[in-house]
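Participant: Chains as they are written, first to last, in numbering that gives the first Met the number 0: chain A, 0 to 300; chain B, 0 to 690; chain C, 0 to 164; chain D, 0 to 282; chain E, 0 to 575.
No wet-lab data here; the hints were simulated from the structure.
Given the structure is predicted, the values throughout are model-derived calculations rather than measurements.
Hints may be right or wrong, so weigh each one.
Claimed, not checked - 20 angstroms max Cα-Cα, derived EDC-like pairs, lysine to aspartate or glutamate:
{"no.": "1", "chain 1": "C", "residue 1": "Lys55", "chain 2": "D", "residue 2": "Glu157"}
{"no.": "2", "chain 1": "E", "residue 1": "Lys210", "chain 2": "B", "residue 2": "Glu62"}
{"no.": "3", "chain 1": "E", "residue 1": "Lys210", "chain 2": "B", "residue 2": "Glu458"}
{"no.": "4", "chain 1": "C", "residue 1": "Lys45", "chain 2": "C", "residue 2": "Glu16"}
{"no.": "5", "chain 1": "C", "residue 1": "Lys45", "chain 2": "D", "residue 2": "Glu163"}
{"no.": "6", "chain 1": "D", "residue 1": "Lys68", "chain 2": "A", "residue 2": "Glu1"}
{"no.": "7", "chain 1": "C", "residue 1": "Lys45", "chain 2": "D", "residue 2": "Glu167"}
{"no.": "8", "chain 1": "E", "residue 1": "Lys169", "chain 2": "D", "residue 2": "Glu167"}
{"no.": "9", "chain 1": "C", "residue 1": "Lys5", "chain 2": "D", "residue 2": "Glu157"}
{"no.": "10", "chain 1": "B", "residue 1": "Lys565", "chain 2": "E", "residue 2": "Glu60"}
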Amino acid sequence: MEAERIAFSFISLCLILFLPPLLDGIGRKVKARIQLRQGPSILQTYYDLTTFLSVEPVYPTERLAFRLAPYIAFASAVSAALVLPYGRVIPVSFTGDIFVFLYVLAMVSIAYMVGGFSLNNTYTNTGANREMMMILSIEPILGVAIGTFALNAHTLRIGAIPFALTFTVSVLLAYGLLAYSVYVEGGFIPFDVAEAEQEILEGTFSEYSGYLLGIFKWALMIKRFALLWLLSSFISIPFVRNVANGALILITQLIVLLLLYAGIAVIESMNARLRIDHVIRRNTGVFLCSLAVLLLAALGW
Amino acid sequence: MMEELFTLTVILYLLSILVVLPLRKNYRASITVGHVLTGLASISLLAFTVGSLPDVLKGKAIEFTYNLGVAEIPFHVDGLSLILCLVLGSLGLATSIYSPRYMEFYERFGRSWLYVVLYSAFVLSMILIVTTSNFLWFVFFWEVMTFTSYLLMIWENDEEYVRKAGWKYFVTMHVASTLPLIISLAMLYAKTGSVNGLDFDNLATLHLGPIYYVLFLIGFGSKAGVVPLHFWLPDAHPAAPSNVSALLSGAMIKVAVYGLIRTTCFILRPTEALGYTVAILGTVTLTVGTLYALKQTDAKRLLAYHSVGQMGYIWLGVGAGITLIAKGYPAFGAIAMAAGLYHLVNHAIFKGLLFLSAGSVLYRTHTRDLNVLGGLAKLMPFTALFTFIAAMSIAGEPPFNGFMSKWMIYQGTFLSGDGLLVFCGIMALFISAATLASFVKFYTTAFGGTPTTTTEKAEEVPSSMLIGKGFLAFLCLLFGLVPSSIIPLLLTPGKALTGVDLSGWISTKYWLVTIRAPRMPAGGETYFNPWLFVGVLGVLVVAMLISYPNRPKRIVKVWTTGEPVKAEHYKLRAMHYYGPFEEYIHGLYHGGDALSGWGTYVCSSLAGGYLSLGRTLLRWAEKVGKDVLSTGRWYEKNGKEIYLDEAVASPFVQLMKGLGIAIEEVSLSYDLLLMLAAATLGVMMLILLGW
Amino acid sequence: MAVTLKYPFVKLEAPPEYRGIPHIEPRLCIGCGACVNACPADALLKIDDHSTGTRKIVLDVGRCIRCARCDEACPTGAIRMTRNFEVATLDRSDHVEVVELRLHRCPNCGNYTDYTERALEKAFQILPEGLFDKEELRKKAILCRNCRRKLTVDDTIEASREVVG
Amino acid sequence: MKLRSLYIFHLDTGACNGCEIELFDVLTPYYDAERLGVRLAASPRHAHAMAVTGPLTRQTYYAAKEAIKAMPPKPRIIVAIGTCACSGGIFYNGYPIYRRPESPREGQEYPRRGGIFELVQDLRDEGEYVGPVVYIPGCPPRPEEILYGVALALGLVEKRAKGEHYTEEAGFELPEYPIEERIRLSLRERLKYVVGYFDREGILRDFMELAGKAESVEELHRLIEDYCLRNPDSRISLAMRVLEREFLRLKEKYGWEVGMNAKAPQGEVRGVQVAVKRDAGSR
Amino acid sequence: MKEWARRIMDEKVREKYVNEVVEKFGDRIISVERNADNQWIIEINREDLPEVVGYIVNHPEWKETQLSTMAGADERPLRGKFSLIYWISINGASGDVFLGIKTYIPEDDPRFPAVTPVHPGAHWYEREVKDLLGLIPEGHPDPRRLVLPDDWPEGVYPLRKDFHYTDSPKREFTDETKYPYREPPKGTAVFPLGPYHVALDEPGHFRLFVKGEEIVDVDYRLFYQHRGIEKIGENRLTYDQVNFIAERICGICGTAHALAYAQAVEAAGKIEVPERAEYIRTVMAEIERLHSHMLNLGLACHDIGFDKGFMDAFRIREHVMWLAERLTGNRKTYGMVIIGGVRRDFLEYRRTMIEETLRKLREEFQKWVDQTLSTRTFIKRCEGVGVLSYRDAKRWSSVGPWARGSGRNFDARRDHPFAAYKYLDFKVPVHKEGDVLARCLVRAEEIMESIWIIEQALDEMPGGDILAEWKEIPPYREAVGFTEAPRGEDVHYVMTGEGNRLYRWRIRASTYNNFPSLPDAMRGNTVADAVLIIASLDPCYSCTERVQVVDLEEKRARVLTEKELIELSRKVSRRV
């Protein structure tokens with residue numbers, strides 16, 4: 000058992016670190032195909048990343064906050080991903096870890112914001128500002144989804160929720176809310192307002208260069224991976240929870256993850272970016288509707 | 000032994016009052032000496048707290064009585080009191096270290112002796128409030144606390160807004176806080192017939208009616224700044240000197256929570272209705288307070304609104320605890336209450352620290368307007384670091400203390416299996432993000448970017464001020480990383496209330512915490528280990544830093560897309576933050592416009608007598624002079640945007656318009672005011688002692 | 000499906016109508032400089048060196064705007080737009096095409112004229128047989144401008160003298 | 000140098016938009032530079048390469064300098080897209096165009112100076128590192144050409160361009176045509192007004208072939224009618240007929256004796272009749 | 000000639016306009032001269048400039064009248080005076096008249112009363128004249144530099160004849176010599192957009208003064224791309240060569256510029272262009288419009304992150320590019336138009352190619368329109384954004400789809416029929432809403448119209464030569480040439496000179512008239528929309544900005560449901 004645990008933990012660490020660029024590459028390829036072009040190689044994101052990581056950065060400020068932000072973001076993203084289930088193993092697990100997951104993931108955004116606000120540049124400032132507003136508007140929806148799961152499963156452990164869920168109307172709706180909030184939080188088009196390239200030059204990133212940028216981008220990819228892995232675990236585990244074989248569960252999770260990435264690529268290429276006020280309005284609307292889900296859950300449906 | 004330590008604390012405070020009187024010619028010396036004594040007093044209070052822990056954890060309270068000859072003051076120190084003692088001790092210590100240098104900023108007002116007298120009286124009154132076990136004395140000290148805090152608050156009395164905030168505070172406290180307490184005191188006195196009968200033990204044996212719940216809720220709620228009685232707070236706290244703000248926000252409003260728990264849970268019975276009320280009031284408070292805070296660009300006003308918001312968390316935790324205890328989940332209820340109290344301690348520490356930091360900024364730059372601040376991290380690195388720790392704590396980021404208490408509050412609400420409480424938890428989660436947003440703004444506008452014309456001459460504050468803040472920052476980390484150092488203490492009130500054994504529900508080993516919910520599937524609970532998190536994060540950061548060393552060889556210009564832009568213009572100002580979001584919740588902010596008319600109408604018809612008092616006072620004020628009246632008009636004229644909170648409070652505003660004009664006149668002369676306050680105090684004391 | 004072309008990994012021909020980079024066919028160029036006059040971008044240079052008697056027609060593809068005015072103006076078809084477009088390089092000297100031609104030397108005074116030997120030959124080709132007195136023309140045309148003027152003046156003086164005389 | 004990923008920042012130093020749009024085109028489905036790892040960067044901080052278009056006006060000079068200085072210190076590849084960026088193009092000596100003091104504004108130097116090189120040289124003088132410059136001439140270059148240049152920068156293709164220096168040794172040819180040279184030149188000039196400069200060479204070649212074959216004016220006329228029947232393009236037919244008329248007119252003018260292939264007609268009115276016929280035929 | 004064209008080009012109608020002006024100002028008019036078919040030059044004293052120009056431009060009945068161009072010239076070698084000429088076009092399907100209001104300014108007192116206070120559309124023209132010729136407009140609201148680079152010394156005027164065209168005088172470049180931007184209004188931050196912003200293809204600096212994300216005001220500095228083309232054209236190049244630099248004024252609408260230039264010279268030199276050449280010019284101009292509009296629609300998608308729309312628009316556009324390459328030898332800068340005609344003929348196979356491409360294009364573009372307009376996020380981003388009111392459009396003399404999206408109903412192709420347009424039938428799409436979506440729709444509809452125009456032109460194309468021979472152009476004659484470029488009316492003013500060279504050449508690109516109205520469209524929108532609004536202007540030539548009073552009340556938001564939009568797009572496509 001211990002050997003399996005160590006093996007799975009190691010595999011999960013490898014997945015966390017090295018899978019996200021591949022998934023990003025797949026997303027890019029799918030998008031390219033939808034646009035009827037050949038698109039980059041699936042490994043292109045690795046190339047991009049290694050190229051960035053080999054380039055010496057320039058520093059527009061000597062401020063420590065600016066220089067440390069990418070490292071913090073990276074470390075937080077990896078730490079957040081470690082509380083998720085990989086097969087039957089969760090590298091780090093404890094009660095209420097879903098909040099820790101959210102807060103640690105929020106640290107990626109905090110690093111993004113602090114980096115963006117640490118120097119006088121309206122582009123980075125606006126990017127950071129928008130990132131915060133995104134979090135503000137999506138947090139209650141995520142909260143309702145978690146609340147519904149907690150009411151249903153009576154546990155707040157990510158590892159335990161999918162195993163303990165009983166499927167009711169409210170839980171199914173909560174899945175929808177979770178998927179929506181994961182999509183928004185991941186900053187996919189039309190919700191990529193914080194890193195909008197054409198409007199605000201990728202926000203905070205507009206001042207990062209070289210390996211600082213590489214690390215930051217890597218961190219964001221890991222963040223997306225963590226979010227989608229959470230979703231894919233929630234989707235896949237209830238179907239395979241009686242299967243004892245951890246490897247099989249892991250493979251199911253991976254397949255669902257791939258499908259999610261491909262699906263997201265399709266949605267992304269079919270949409271224009273929204274404005275931040277559109278996003279807030281839409282999210283608030285979803286939140287108000289989601290209260291009905293909570294009511295259903297409270298009534299036990 | 001413990002009793003003597005406590006007495007030493009009291010004596011040291013009294014001594015500090017006496018010592019400064021001969022030194023009053025020398026501003027600095029008197030304040031330094033006074034604060035050395037108060038610092039020592041705080042240390043002795045901390046020593047008392049630590050020393051009493053073993054007994055208190057076993058459930059034994061420390062009881063003793065001071066016989067003053069004319070009256071006896073009984074004391075009863077249990078877990079709940081000790082939590083507040085801890086807060087008062089640590090905050091008192093920090094402000095005592097911080098204040099001597101900081102008060103130089105106010106040297107032009109002179110009167111150092113008075114400041115020390117008031118400071119000592121204020122802190123001492125709070126210590127006595129949380130330890131005394133007699134309701135009469137409780138109310139008496141409560142009044143002392145209100146008076147001293149009022150006088151400290153209007154220290155900068157040549158500023159219009161300070162005087163305005165002062166009378167707002169004074170009036171609201173007397174109408175909404177002291178009055179209900181005195182009414183309940185009178186009713187209880189009528190019931191028991193003796194001062195001794197007002198001992199808490201005795202009162203607990205009485206079966207008191209629901210009217211007391213209402214009176215206590217109003218009385219303590221208004222002091223704690225619970226919506227809708229919070230409107231005085233955002234004006235009052237920024238008006239005071241920052242070290243006093245730290246005490247006001249860090250300690251005084253916590254005393255109200257103590258009062259609430261002490262009265263409603265220990266004297267009265269915890270009921271479901273009470274619990275829900277407290278929890279919902281808490282949720283409303285945290286939502287309203289924080290969303291208002293989001294919009295502020297005045298550093299201290301922002302912090303003050305956050306005090307409102309964070310009090311909401313405390314109330315939510317306590318309310319959830321009361322509900323669950325009343326519903327028959329004693330263990331889990333105790334945990335939820337502990338979560339609320341945990342947040343109480345944490346909030347005292349980080350909010351104290353934040354006010355001290357804001358004070359440091361004010362001390363060096365003479366402004367608290369976040370729009371004009373910037374670039375201080377470079378000039379005041381330690382202040383920046385401490386502020387960052389405090390900001391991350393209040394935003395609830397792991398591994399700081401705010402995260403631990405919020406995490407426990409979420410657990411307490413989400414796992415309660417009660418839809419309403421879950422909703423409260425969701426709002427708390429949401430508002431946590433808003434808090435983060437607000438503090439990202441607070442930190443980055445003041446400390447981020449390049450220095451502006453306002454800040455370019457700033458430098459780091461003196462080391463004594465830094466030590467004061469450093470102590471609090473250390474506590475932030477300590478309570479975040481080693482929650483088990485305080486959780487057993489926090490659990491004692493719950494234990495005392497329910498009398499159940501909590502082992503198996505919550506366990507604390509070294510620095511590890513685990514919580515079990517009532518209906519949680521059994522097994523598999525593991526510990527949350529902040530150190531593990533810190534370890535993983537640290538290892539990753541260090542590993543990346545080693546692989547990609549981060550040493551700027553030279554600094555290039557910021558990218559301005561090719562055309563040079565002045566740095567001062569190339570920055571979002573504090574007021575620009577979160578514009579679209581605020582615009583979207585604009586309705587909440589400005590619903591007041593519509594509500595104010597309606598509210599005024601309803602309230603005026605409901606509380607005719609209440610208003611006639613105001614009208615009488617108005618008539619009296621007219622006699623005082625027409626120019627004085629202009630102040631009232633000023634208030635009306637300049638309140639262009641009527642916020643929702645003020646609309647709800649419109650009867651109070653009506654009243655205050657009258658009262659305020661009177662007090663305005665009085666407060667123009669500080670000495671007169673002092674005399675008046677002393678006289679009122681004396682009269683009250685005489686009345687109380689005479690009974 | 001994907002419509003992407005495989006270029007640059009496979010060869011790709013430009014369409015026959017394409018105006019690619021110009022190219023001077025050195026065997027046809029007579030160094031007349033018509034293209035130089037026509038070029039709006041001054042991509043073509045005419046550099047005469049009267050000391051060594053050479054004329055360089057320099058084509059700089061890196062300055063050429065590919066308007067095909069030179070193609071249009073060239074009397075011999077020496078400069079043509081090709082269909083080649085792959086001229087990216089790291090070294091600008093790769094873009095330069097130089098045709099170095101000999102200038103005609105005046106047999107009378109020994110100075111170099113401002114036209115090339117080839118231009119002269121081309122001129123003779125254009126002149127129709129028998130239309131003019133070819134020998135006479137040859138005698139005059141090969142002279143440089145100064146000598147020719149002198150010859151003409153001399154002739155006139157002589158003729159007038161005949162008339163007067 | 001072999002890069003598998005190239006973030007390009009686009010720097011317009013006063014171009015006419017043609018090159019910009021072609022640069023955009025390179026990213027679109029038919030050319031899809033992303034498959035080579037090329038992406039447009041949002042900020043020079045991300046860029047490995049700078050795609051420069053335009054002749055470097057004085058107003059853009061300072062901003063462009065800032066932009067290149069804002070790049071990471073290496074590799075700082077410069078991709079000069081278009082003739083203007085390579086050498087200043089048609090605008091090279093306009094008054095608002097930047098030139099280094101030592102660069103002549105009029106001159107006989109070659110390769111021609113101007114464009115981005117002036118800025119690169121200034122930066123190098125200041126001690127800034129600037130990587131290699133890839134010159135992609137064209138006005139505007141085709142997207143393929145830009146792809147080729149980028150591929151060259153990435154080391155995916157070989158350089159093909161080569162400077163040439165011809166001297167008299169290359170040999171000299173005076174090509175002989177079936178018809179007299181001065182008539183050919185006149186016809187060539189006339190054709191410009193009928194079908195334009197581009198198509199005239201082919202039509203003239205065909206015509207000369209026919210004229211060479213024809214023994215008499217009637218035969219030439221017949222051959223041309225044949226040719227027009229075979230070739231259904233009305234414009235070419237028209238051109239051929241115009242050529243025929245012009246040819247006969249010139250023959251008439253210069254006299255039939257000299258350098259004649261097609262024999263002179265017997266009667267004087269012959270040429271006129273042909274012309275009338277052509278007018279009828281072209282309707 | 001079609002009936003509508005005959006009506007517009009009616010001699011009586013034309014004279015009515017001229018006569019009214021002459022009658023109105025009577026004695027104050029020094030001379031009236033008809034210098035070309037539809038062009039009159041009226042000479043007046045400089046004091047009367049604002050009154051006369053203002054009268055014609057703001058004439059209440061001549062609704063779509065506008066200031067087309069204004070040129071200053073250094074006529075000191077000829078007359079010892081500077082000259083100024085304001086060209087006003089009378090549009091709106093009522094008559095085909097260009098009025099040139101000319102005045103002379105003495106050398107020793109180079110001042111004239113500014114027209115800008117009467118008609119803001121003259122703002123840049125007058126600033127430009129000040130920069131390049133040193134003629135000072137008195138009473139002009141914004142005396143800042145417009146065209147010349149920041150490091151250009153004061154008092155050197157490049158367009159004066161005593162300035163040699165290769166000179167490039169310099170002054171020290173310091174913070175003081177930097178362009179004096181306005182101080183940001185209180186409580187705003189600066190959002191510098193450009194010169195090197197990823198969404199601007201060209202350098203231009205927009206200084207957005209923002210409150211958070213909301214744009215409060217805009218200041219900007221353009222003319223980064225000022226290349227001194229007019230000076231080069233007047234000095235270095237011959238008549239024929241100028242065509243090629245005219246084509247390189249703008250890489251997107253080069254043919255329109257080359258055509259406008261050629262038409263101006265043809266009008267001045269009275270050169271008759273063969274009819275076939277006119278048709279070929281028309282086809283080329285429309286092909287250019289096709290690619291330009293598709294480009295713009297694609298870029299609008301790109302700016303809001305709608306990559307599918309961007310890629311598809313460019314994919315469809317590539318057919319046009321390939322077609323152009325086959326027809327002219329290059330994908331852009333066609334090099335087709337030359338004085339007197341065109342340079343390449345349409346052989347049969349090229350005709351077939353055009354027809355095939357158009358068939359493909361119509362089908363695919365229709366699909367694109369359907370798909371894009373059914374993307375809700377796209378509509379959401381474009382609707383009610385960047386609203387330019389009719390009043391502003393008129394005030395600033397805006398042209399092209401930018402103005403037609405705001406309800407201005409004029410088009411140089413219809414109102415001043417040039418090339419072969421007088422033989423063809425087409426509609427001018429106009430939308431009244433004034434937002435980005437309206438402009439997108441105008442462009443989409445124009446694409447369909449263009450396809451229809453090309454088809455007609457191919458069908459009706461006559462035989463004959465494609466190039467007229469011309470020997471010499473008489474010196475010192477003035478004329479304007481005008482075309483409807485994809486972005487609106489392009490006007491070139493020429494004054495012929497000696498030695499096969501121009502004396503004065505004034506280029507007025509369509510964007511030049513559109514740019515100053517940009518701040519009006521941008522105010523009140525958010526930063527996120529800024530690049531979209533700029534893209535919807537479809538800027539192609541660098542111009543500059545001005546200061547003016549904020550007038551937000553005019554802005555009306557419009558609500559159009561998705562269904563209506565789809566209907567609309569269907570309607571567009573069904574028509575052709």
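Participant: If a hint holds in the structure, say so; if it does not, say that too.
Facilitator: Going down the list of hints, with the structure as the test:
no. : hint                : verdict
1   : C:Lys55 x D:Glu157  : 29 angstroms, violated
2   : E:Lys210 x B:Glu62  : 60 angstroms, violated
3   : E:Lys210 x B:Glu458 : 30 angstroms, violated
4   : C:Lys45 x C:Glu16   : 28 angstroms, violated
5   : C:Lys45 x D:Glu163  : 16 angstroms, holds
6   : D:Lys68 x A:Glu1    : 54 angstroms, violated
7   : C:Lys45 x D:Glu167  : 16 angstroms, holds
8   : E:Lys169 x D:Glu167 : 45 angstroms, violated
9   : C:Lys5 x D:Glu157   : 16 angstroms, holds
10  : B:Lys565 x E:Glu60  : 48 angstroms, violated
In terms of the numbered hints stated before, the structure departs from hints 1, 2, 3, 4, 6, 8 and 10, listed from lowest to highest.
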